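Visitor: Listed below are the residues making up each chain.
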Amino acid sequence: MDKLIRLRFYKDWLFKGGIILMTVLSTVPLLLILFYIVKQGISSINWDFFINLPKPVGEKGGGIINGLIGTGILVLVASVIAIPFGAIVGLYLSEYSRDKLSYWVGLCVDVLQGIPSIVLGIIIYLWVVKPTGHFSALSGSIALAIMMLPPIIKSTEETLKLIPGTIKEASLALGVPYYKTILRIILPMGFSGILSGSILSISRVAGETAPLLFTAFGNPFINTNILKPMSSLPLLIFNYAGSAYEDWHKLAWGASFVLIMMILFLNIVTKILERKWKIQF
Amino acid sequence: MNLKEFLAERFQSKDKGKDKTENESQKNVFLFEKVFQKGLGLTGIILIIVLLSIFITLLISSTPSIKHLGIKFLYGKAWNPVTDEYGALPFLIGTLLTSLLALIISTPFALSTAIFLGEYYPEGIVSNIFKNIIELLASIPSVVYGFWGMVILVPIIRNLELKLHVLPYGVGILTSSIILAIMIIPYSVSLSRQVISMVPPTLKEGAYSLGATRFEVIKRIIIPHTRSGLFAAILLALGRALGETMAVTMLIGNSHYLPTSIFSPSNTMASVIANEFTEATGNVYLSVLIEMGLLLFVVTTLINISGRQIIKRYILH
Amino acid sequence: MENSILNVNHLNAYFGETKILSDINLEIPKNQIVAFMGPSGCGKTTFLRCINRLHELTPGARTEGEIYFFNDDIYKLNLILLRRKIGMVFQRPNPFPTMSIFENVISGYTLNGIKLSKQEKEEIAEDSLRKADLWKEVKDTLHKKGTFLSGGQQQRLCIARSLSMKPNILLFDEPTSSLDPISSNKIEQLLLELKADVTIIIVTHNLQQAARTSDFTAFFYLGELVEFNKTQVLFSNPAKKQTEDYISGRFG
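Residue numbers (this note's numbering), protein chains in the order written: chain A, 1 to 281; chain B, 1 to 317; chain C, 1 to 252.
A couple of the hints might just be wrong.
Claimed, not checked - Label-pair distances were calculated between CB atoms; the ranges are: (1) B/T260 with C/T58: 37 to 43 angstroms; (2) A/T132 with B/S306: 33 to 39 angstroms; (3) B/I104 with C/Q189: 52 to 58 angstroms; (4) B/G124 with C/T18: 16 to 22 angstroms.
Hints listed in this document are in silico derivations from the structure and should not be mistaken for laboratory results. In this text, all values refer to a predicted model and were calculated from it rather than measured experimentally. Don't be surprised by glycine CBs; every beta carbon is placed ideally from N, CA and C.
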């Protein structure tokens, strides 16, 4: 009996060790990737890098400014489209969670979240690029906006659902109209959730390439006109990584570094916001 | 002041001094209320319309291809746009192989991490560190994974292929599967971890009180109990893998031929679309690529919905 | 005390910095029913969970002092053996939902990896179910899942499951608090029959239950053992004022 028990304790200890080992191994790729990007990327960063356009191979001092501006504009326009719409849908889902329509809308949100981003690129190409006859930043932003909707909707819905029903009832019992209750009491209370959901979705979409391949398409020059093709950091990385030139590879590393730093920064901001602005009920 | 006073103050100060007759203002408010409530529902309907339009657009734009090719699309082995041949079988196989191989590689790691975070270290410093690292893995853009893979992973695989006396492409199914595996780990971990940590403590205590070791509780109680939840997590990770484009495009070798081994260069449906969409000449060519998009859409949507249904049923149980 | 099966010496229990039990000294007599009673938060459940060392599962939990099972310090004993000899029945019935009734009863053996022949399994299952007064009701549906039974039946299933390990002590943590009066009654009757084989320690919130079923009662308050005596004596002639106040309902 005793031998059997000792064997079982041994197996227990072995299993725990195995689990810890596998978990640590799972984190190794991340550390390798981050380490490599920082190492290669930092050496490419200098003032020129930020304010110059990419230069032809062989010329020194190429930069990524078209990508920086492009990402900024694309994400900005996408946010303007997605955040208000997404917040309202999230509000609808939290207020009417028992309606039949609400079930289908929720299902819709789930499906939308799972659509491969390249398929969205195809759709927006067919809806916007083809009819207008040219690539544009606007089409890219629309594609990105569709990708931003599910996280914003879910985050809004969950935050608003946490608000106790008694607060709404207290307001209505005072004779305050429903719409005012929502706009002046409920929505402000859910603000932190809407904000953190928005920032999270921005960080996700900033690194997307596939939906932009046939919409924003990319642009070797600085462009601020949303009706024209536009570059973005991920597009830059894709193009330069695929080239055979060492110089352009360095640009790609630098751009990767900047992109990752941006995303990390946004993630940290989200976490801080979630902790600080959580309204206690 | 208490809640009532607070609310009263907020609204009274704004409505003081309005000169409308009581009836009129009541009517306006009533109307506005209705508009507001209907408006909310309208946004939901708009969303549904958008989704349906996506599906219909894909369907309609695929019809030239369906008319031209019919079923040959699915089993044709030759992809040669120049001669008007559009057999997508190589890409179907490429997609399936990379995704399944990625699942096989990642699942042991993901499951272990889920057990680590869900059962052994559900809270505390260790838990936070690993949770954050796994979340970070999910934040890295696909194109950066691809780039890193090109520079670091491909030479390693090339060396391996040389040792095994295989053509040293470096790129191919194996390489892209490895990167894909790394990319989907966070998705299977997050769901599996939640499901594992939700096992009722009283069930575990029942087993402990009978003298089971922790390993035995995990093996005999936790895992059987969470089986459907874990399955759904793997299913959803598969859905994610199928739709992944950029990293795969950069590492799969972009070959139009049927892959013959895991070292062969190949293509997935997503990578073909990414590579050839802007170069597609002719109505049919474009339509075939769109049909592949349609296929991707349908498959990932089905996987997504079934995965979520399983989770919902598991939670209710 | 002669014939004591459990000896507790200066037991203190903590969750992190919070002290839950202070200086508990107690001797549990063999083959008797001992009730632990007291108001919510008095530490009686924590004490119970210290006895089969389930208390240690909570992060941050620790104990000081000793508990002797027969003559062995339970902290030096093999944890698995200890838990086989001291079984536990929980407040809410917790049969394993993926197993049938039969599998549940012998799960103590299967989980521990002990191989039994088919005949041995059936013997143990029938014996335990009879002892738990459940055999007649389930003997034809042994292979159905345990969760199809009523609350009271599920609880008796859990009792059978613990009994199958042939323990010396059975710990009951408010076993009837989630049951209706008829099922509760059945279980109380069962305890009276079981004490011939097993020493029973039962934590209860229900004064009358303690008075009805137990031979000895321990009264806990705010983490301290206030009084311990034969039930009849404690209820009719309590030595401490606190005990008297609790029994007469002045607090609790």
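Visitor: Hint by hint, say whether it matches the structure.
Guide: Verification of the supplied hints:
{"no.": "1", "hint": "B/T260 with C/T58: 37 to 43 angstroms", "in the structure": "57 angstroms, violated"}
{"no.": "2", "hint": "A/T132 with B/S306: 33 to 39 angstroms", "in the structure": "38 angstroms, holds"}
{"no.": "3", "hint": "B/I104 with C/Q189: 52 to 58 angstroms", "in the structure": "56 angstroms, holds"}
{"no.": "4", "hint": "B/G124 with C/T18: 16 to 22 angstroms", "in the structure": "18 angstroms, holds"}
Comparing the model with each earlier hint shows a violation of hint 1 alone; every other hint is respected.
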